[in-house]
Amino acid sequence: MDKPNVYDFGIDDDSVPSIEKSVEISEDAPPTVVQRYFESRYATNVNDKPNQDYSVLIHSNNLCILSLASSHVLMGKTIEKIDFQVSENTHRLSNIMTGKGKRGAQIVQAGSTLCKVHCSDGEEHKILSAIPGKLVEMNSKLAETPNIMLNKPDDIGFIAIVLPQKQRFEKIRDGLLTKEQYTQEILQSN
Amino acid sequence: MEQNVEEIQENLLKFGCCRVCAVRHLTKPSAINVKTLIAASEQDHDEPKRLKKNPCIACLGLFQNPQKDDIINKIISYLKTSKYDSDTFNLAFNLPMCTIIRGHSIALYVSKLRITFNPTFPTAFVCAKDAWKLMAEDAIVKATGKRFDVHSPLLVTVGFHYDDIKDECDCLNAIIKLSNKNLQSILSQMDNKDFVSQYGEMPSVPESTIEFKSVDARHESVFIAGRYNKWSRTLSQTPWIVDQERRLESSVEEIISNPIKKHALADEFRFSSSGREDIDVRMLGRGRPFAIELVNPKITKFSYEVLRQIENEINTDPQVTVTHLQNVVKDQLKELKSGEEFKIKVYKALCYVEGELPDLEKVNNSAPLEIAQYTPIRVLHRRANMVRPRTIHSMKAVATKVGKDNGCSFFNVILSTQAGTYVKEFVHGDFGRTNPCLRTILENDTVDILALDVLDIEIDWPTPVKY
Chain A
1 MDKPNVYDFG IDDDSVPSIE KSVEISEDAP PTVVQRYFES RYATNVNDKP NQDYSVLIHS
61 NNLCILSLAS SHVLMGKTIE KIDFQVSENT HRLSNIMTGK GKRGAQIVQA GSTLCKVHCS
121 DGEEHKILSA IPGKLVEMNS KLAETPNIML NKPDDIGFIA IVLPQKQRFE KIRDGLLTKE
181 QYTQEILQSN
Chain B
1 MEQNVEEIQE NLLKFGCCRV CAVRHLTKPS AINVKTLIAA SEQDHDEPKR LKKNPCIACL
61 GLFQNPQKDD IINKIISYLK TSKYDSDTFN LAFNLPMCTI IRGHSIALYV SKLRITFNPT
121 FPTAFVCAKD AWKLMAEDAI VKATGKRFDV HSPLLVTVGF HYDDIKDECD CLNAIIKLSN
181 KNLQSILSQM DNKDFVSQYG EMPSVPESTI EFKSVDARHE SVFIAGRYNK WSRTLSQTPW
241 IVDQERRLES SVEEIISNPI KKHALADEFR FSSSGREDID VRMLGRGRPF AIELVNPKIT
301 KFSYEVLRQI ENEINTDPQV TVTHLQNVVK DQLKELKSGE EFKIKVYKAL CYVEGELPDL
361 EKVNNSAPLE IAQYTPIRVL HRRANMVRPR TIHSMKAVAT KVGKDNGCSF FNVILSTQAG
421 TYVKEFVHGD FGRTNPCLRT ILENDTVDIL ALDVLDIEID WPTPVKY
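Going down the list, the protein sequences come from chains A and B.
End of the first sequence = 190 in full-length UniProt numbering, gap-free, step of one.
End of the second sequence = 467 in full-length UniProt numbering, gap-free, step of one.
Just so you know, these hints were derived from the structure itself, not from any lab.
Quick caveat: nothing in here was measured; it's all calculated off a predicted structure.
By construction, the Cβ of each residue, glycine as well, lies at the ideal position given by its N, Cα and C atoms.
Hints may be right or wrong, so weigh each one.
[Stated by the list, open to error] Here are the simulated lysine-lysine pairs, BS3-like style, with alpha carbons at most 27 angstroms apart:
id	chain 1	residue 1	chain 2	residue 2
1	A	49	A	152
2	B	53	B	133
3	A	21	B	404
4	B	262	B	301
5	A	21	B	424
6	B	298	B	74
7	B	213	B	166
8	A	152	B	166
9	B	362	A	152
10	A	49	A	81
11	B	181	B	193
12	A	49	A	100
13	B	142	B	80
14	A	141	B	298
15	A	21	B	396
16	B	80	B	53
17	A	100	B	424
18	A	100	B	337
19	B	401	A	21
20	B	424	A	102
21	B	424	A	141
22	A	100	B	343
[To be verified] From the structure, some residues in chain B lie toward chain A, with a derived Cβ separation under 7 angstroms:
id	residue
23	31
24	33
25	34
26	39
27	43
28	109
29	348
30	350
31	381
32	382
33	384
34	408
35	428
36	451
37	453
Let the hints inform the model, and build the full structure from the sequences given.
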């Protein structure tokens, strides 16, 4: 930071508020990244399969981050391996797209398989997309450390980023459960 | 020989040429001077009106009064009222195509007569455009005090109107396709007999006079540079418009550019800077280098005092401070843009964790550091998704207090980074998409950022102004 001050601005440094004083800091713990920029929505029983429950974090720019909801059938299990080859021709980690328009990206529907999970108890489960749109990113970290999907679902263990079609965005969002509706539904089913 | 010249001149006058055109058709381009033309023009004017004068068969009346002086006066009054401060000017105009055809026709006639006396005599003549330009320049220089210069940044364009262009060109269009661009060369390549058989020996006497249509001027862009500070966390750098609706009422760009544009009386401005900061990020220290292109400015000379005055005007807005305002030339802008990609930026980030303060030495010991950064989610909708390697050159973390007891511990990190590093994402990791990040370095999933300031953009540009 020590540099010859060729630029003497004549600005009294004391007149600039310190970084601590330059922002409102709440009495409670500050909102997290997720709370600041995302709306939290949910989809339950996707494809009419029990406990195929997902969290959808919707960014203000319409990008959606998909992750496992706490009521997902996989919660509490241990994942052995994740298979991204969802059909003969489609591998979710070979999703090549170009440019800001993400041309060539794989398209998913609500209920499309995003990957297949092999659990230590021998069970196999498909991970499904909760919404339709362009698959902008599949979380490649899941390949090496699959259990982050269960341990840190709304953080480094997210499943995928999906961009819904602009014209369909509002309809898709409104078709998802709000946090309150989701909590209500989970309470009732227990 | 001289005898011959005067004889031809008299013939031209009889055919309906004005005196200026008669003179210029018998003068070679290198021998012309404005005094000869003015003398011819005055002689024309002084002649008793024994006949109703027709518009000249060569220039359609361009050199004849009242229109000659009218048009020149219109240009002069335009320049006087339009406030251009340029010391020089250049003049451009397009004459109707038929003046070139008419000139060609007369030249053929002149050379035919001349060759019978002296076959080696050159047939080149002063074209209407050059002659009119000379006379107009001369009058404009005398009236405005501006110098004529073909390299002047101020170009004055004059438009003319003539009613019968189409009819006159049509007779030649029948045998050859004419175009404004290479009319002269098309005519000179044409067989003279073909031309005469189609067009006639001499141009017809025009039924209408050429008229003034428009005068307009354009000054080359000038560039003003400086550095700006942004003190606000609710101000975007450029107008923030979503679906044609303004989200914020102002922007750094507008706060800086509008007063400058107003002083320069420019048509529009183009703002550029060495990178940009987010709406909620302050730009402190010596500020961010920027430049403004002023398009078609009238006022282009800014004295030291005027520049300080403009700074003061901009700085009445409490959100922005501008310093080191100065004129720069276009070439100097390269520095500004190269800085966007290669120069080091220094930031201060106010960060926190839930609970106890972690060991901040982990941060201090980890730089320099190479990171891999996916396009942040917050800009991913309008940028391609890719991984970029970035370098964190240095980092220093220091615990701090914010005067709130909310169960969190706070610390500041001062870091210098390669240009293009997304610092907010480097703090919280953006769902693991920036790696490593402060969360991984501190091994704490709750690390997050509360506020960010840019402390320095390491570019020594533009040249510091002495205050």
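A quick look at each hint next to the structure:
1. A:49 <-> A:152: Holds - the C-alpha atoms of residue 152 (chain A) and residue 49 (chain A) are around 23 angstroms apart, at most 27 angstroms.
2. B:53 <-> B:133: OK: residue 53 (chain B) and residue 133 (chain B) at ~23 angstroms, within 27 angstroms.
3. A:21 <-> B:404: Since the Cα atoms of residue 21 (chain A) and residue 404 (chain B) sit roughly 11 angstroms apart, the hinted pair holds (cutoff 27 angstroms).
4. B:262 <-> B:301: OK: residue 262 (chain B) and residue 301 (chain B) at ~14 angstroms, within 27 angstroms.
5. A:21 <-> B:424: Within the cut-off at roughly 19 angstroms; holds.
6. B:298 <-> B:74: Holds, at roughly 18 angstroms.
7. B:213 <-> B:166: Measuring from Cα to Cα gives roughly 17 angstroms; hence the hint holds.
8. A:152 <-> B:166: violated, 79 angstroms
9. B:362 <-> A:152: holds, 23 angstroms
10. A:49 <-> A:81: Given pair residue 49 (chain A), residue 81 (chain A) holds - Cα atoms ~21 angstroms apart, limit 27 angstroms.
11. B:181 <-> B:193: holds, 23 angstroms
12. A:49 <-> A:100: violated, 35 angstroms
13. B:142 <-> B:80: It holds: about 12 angstroms lies between the C-alpha atoms, which stays within 27 angstroms.
14. A:141 <-> B:298: violated, 59 angstroms
15. A:21 <-> B:396: This hinted pair holds, its Cα atoms lying about 20 angstroms apart.
16. B:80 <-> B:53: Violated, at roughly 32 angstroms.
17. A:100 <-> B:424: Judged against 27 angstroms, a Cα distance of about 21 angstroms means the pair holds.
18. A:100 <-> B:337: holds, 22 angstroms
19. B:401 <-> A:21: Roughly 10 angstroms between the alpha carbons, so the hint for residue 401 (chain B) and residue 21 (chain A) holds.
20. B:424 <-> A:102: Judged against 27 angstroms, a Cα distance of about 24 angstroms means the pair holds.
21. B:424 <-> A:141: holds, 21 angstroms
22. A:100 <-> B:343: holds, 25 angstroms
23. 31: Hint on residue 31 (chain B): violated, closest Cβ of chain A at ~59 angstroms, above 7 angstroms.
24. 33: violated, 55 angstroms
25. 34: Violated, because the Cβ-Cβ distance from residue 34 (chain B) to chain A comes to roughly 53 angstroms (cut-off 7 angstroms).
26. 39: violated, 62 angstroms
27. 43: violated, 66 angstroms
28. 109: Status violated, d = 65 angstroms.
29. 348: holds, 6 angstroms
30. 350: With a closest approach of 5 angstroms, the residue 350 (chain B) hint holds.
31. 381: holds, 4 angstroms
32. 382: holds, 6 angstroms
33. 384: Holds, about 5 angstroms.
34. 408: holds, 6 angstroms
35. 428: holds, 5 angstroms
36. 451: With a closest approach of 4 angstroms, the residue 451 (chain B) hint holds.
37. 453: Cβ of residue 453 (chain B) sits 6 angstroms from chain A, so the hint holds.
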